[in-house]
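Please build the complete structure, drawing on both the sequences and the hints.
For the protein sequence lines, the chains are U and D, in the order given. With my numbering, letter number 314 in the first sequence gets 314, and the count goes up by one each step, no holes. My numbering runs 1000 ahead of the 1-based position in the second sequence.
To be clear, the hints were calculated from the coordinates, so they are not data collected in a lab. The C-beta atom is built at its ideal place from N, Cα and C for all residues, glycine as well. Among the clues, some could well be false.
Said to hold, decoys possible - In silico DSSO-like links for lysine-lysine, alpha-carbon gap of 27 Å or less:
{"hint": "1", "chain 1": "D", "residue 1": "K1239", "chain 2": "U", "residue 2": "K236"}
{"hint": "2", "chain 1": "U", "residue 1": "K239", "chain 2": "D", "residue 2": "K1239"}
{"hint": "3", "chain 1": "D", "residue 1": "K1236", "chain 2": "U", "residue 2": "K239"}
Unchecked claim - Covered, in the sense of this in silico footprint (three residues per stretch, anywhere, with C-beta under 8 Å from a C-beta of chain U), are these stretches of chain D:
{"hint": "4", "region": "1081-1089"}
{"hint": "5", "region": "1123-1137"}
{"hint": "6", "region": "1157-1165"}
{"hint": "7", "region": "1285-1293"}
Residue strings, one per chain:
Number of protein chains: 2
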Amino acid sequence: MRPEVIHVSLGNAQTIPIWFASLTELPSYCESVDLRIGPCILITDTNLVPLYLDQVKTSLLDSGWGPTTEIIIPSGEASKSADVLQSIYDQTLQSGLDRQTPIFALGGGVIGDLAGFAAATLLRGLPLVHLPTSLIAQVDSSIGGKTGINHRIGKNLIGAFYQPHLVLTDLDLLQSLPELEWTSGLAEVVKHGFIADADFFTYLSSNWDAILQRDNEQVQRMVIHAARIKASIVSKDEKESSLRAILNFGHTFAHSIERVAGYGQFTHGEAVALGMRAATKVSSLIHPNLPHHLIDSFLLKLPVRNSIGDISIDALIQAMYYDKKVMAGQLRLILIRDIGDAYVHDQVSEDLIAQGWESIMQS
Amino acid sequence: MRPEVIHVSLGNAQTIPIWFASLTELPSYCESVDLRIGPCILITDTNLVPLYLDQVKTSLLDSGWGPTTEIIIPSGEASKSADVLQSIYDQTLQSGLDRQTPIFALGGGVIGDLAGFAAATLLRGLPLVHLPTSLIAQVDSSIGGKTGINHRIGKNLIGAFYQPHLVLTDLDLLQSLPELEWTSGLAEVVKHGFIADADFFTYLSSNWDAILQRDNEQVQRMVIHAARIKASIVSKDEKESSLRAILNFGHTFAHSIERVAGYGQFTHGEAVALGMRAATKVSSLIHPNLPHHLIDSFLLKLPVRNSIGDISIDALIQAMYYDKKVMAGQLRLILIRDIGDAYVHDQVSEDLIAQGWESIMQS
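Laid out in structure tokens, this is it:
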């Protein structure tokens, strides 16, 4: 495949390139955004070390980069913590970095958010390069500059908007993703269709079997298209003052599931798929013409857990109030009027929300 | 005095107003920048609680603000720590804030940096209002968006550039500052003359006695002029890619003194006065026409400690390598060619730096 590129254009004349190419070509893409060849920091997780670390490191060293400071984080959401962040600060500062020392974030959403927030806050900002390895990271979390860690009160409550210099997305990595990561990542891909692009939803529906089997051509087409939707939304509203909020479709429910069930009990993609079904149910109560069952049955085709079991609805609703999108104590939700047409709905009643939760209590 | 205002104009069409007016007028200035009247967070330190907290709180409550979450930090540099930051996160998140809940930072440089960094990183950014109470904060740290905390390896190594919505500077507060804070704050004022404004240095020299005695009219004139210099430099280079670095004149030495002597042994202003003398000495070795003794004798008039005693020069030099301005292991310093004309000098030799240190070993 010829390398493709998407440009995320931001307000202040800043443009972030997202290249789709092999990880081994990292040095030449770094050069194209004028990163200083020299010492650098590589942050990745324990699962990825045997898969990609040597490959990335060798390609850097062969092109004159180094020394590299390697920081290996335990894989999983629990690493988005103040303690792990502090250990990144300790290790990087001990290595003697300066403001031109880039951080390479090699991993999925957890590594991107964590390493991105470290880059945002070390010396008030180091150059950052995202090397997304998971499907969620490639279509969503590596694009748009959201970084952060969790707090016991809720997910992503500590963080910053911080843009990378470059995103290098290697689509071949998706072929070796564990099945559960692949299928749960598809939830975020589908979300892009629901909120902003009905044609994309149609395309996904028509090619769903090939996609589930990771047909190479369909995977490339799907990921690049989904990344383009995300880039377009971010370009219009970097700091989430309005439009960008629609990307949170299903996420207020999802965060609540993850929080009440305990982080790690559901994958983020599973929680998002469930959350989108709940949000679709609520949407259909307000917009009766919404093809609710079409969406619901499509999401049920995802081979992931499709009910939350017997978690208390009261606890789930209570947890929603800690969401960042809560304004002055009112529950705001992202709802859809139709496929491809999402919006922010203020003051959704708890009664409607409870019906949303009930719709995903059992499969 | 009629309220004066300075506007800090930033690249992305953002403008930060710095108002010089009474603290009690805070609500009307908040309204002028469209902050949402409602819940808010007040962060201040133990020393300031008996002086100003009630006054600020009452003026807010009287104008319909509230409830207020008050966070009281132990006064002193040691509070710029990861632990204190975490306690701010815990207290604010427990209070149930949202993205429109502003943080009012009532205090000197420590509170401004710490509360500013909390505002930068809570929910990826809350509205921030600086209410600077010290001289250093009024002329320097409240202007320009630098926020952060210390790391055991060095000062301000963790942080972010984050602009306030508003700075409200009450010049009357300076009259009740402890003498040591006043005199050590003057070091930063003088710095603005050295680096960017020879006329301002002349003005300070001519009115020095009145200023030391805090003559009301001279204090107002001096603070507003010094704030204007800072605002102008920040407007030209918000992220310190070039020009803004000159504001660090004396600071690589100063941070080294604070680090090696132990934080709190020297006030920041004392360390900066000493650091500027060392930097001036180094400057004079490279630029023989610099009126080195004029500057040195002026700085010696500051009634603060004027030598570092018998700290090891080797340890001081070693500590300079941890400074954020060190590029790829080379010591960069801000030097002056003449009064009002500072620049970044790359690769200063350790021999010259040692001579700088020697010049402030004894008074």
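Evaluated hints:
1. D:K1239 / U:K236: Measuring from Cα to Cα gives roughly 23 Å; hence the hint holds.
2. U:K239 / D:K1239: holds (18 Å)
3. D:K1236 / U:K239: Judged against 27 Å, a Cα distance of about 23 Å means the pair holds.
4. 1081-1089: Result for this restraint: holds, n = 3.
5. 1123-1137: Result for this restraint: holds, n = 3.
6. 1157-1165: holds (count 5)
7. 1285-1293: violated (count 0)
The earlier numbered hint that this structure contradicts is number 7, and it is the only one.
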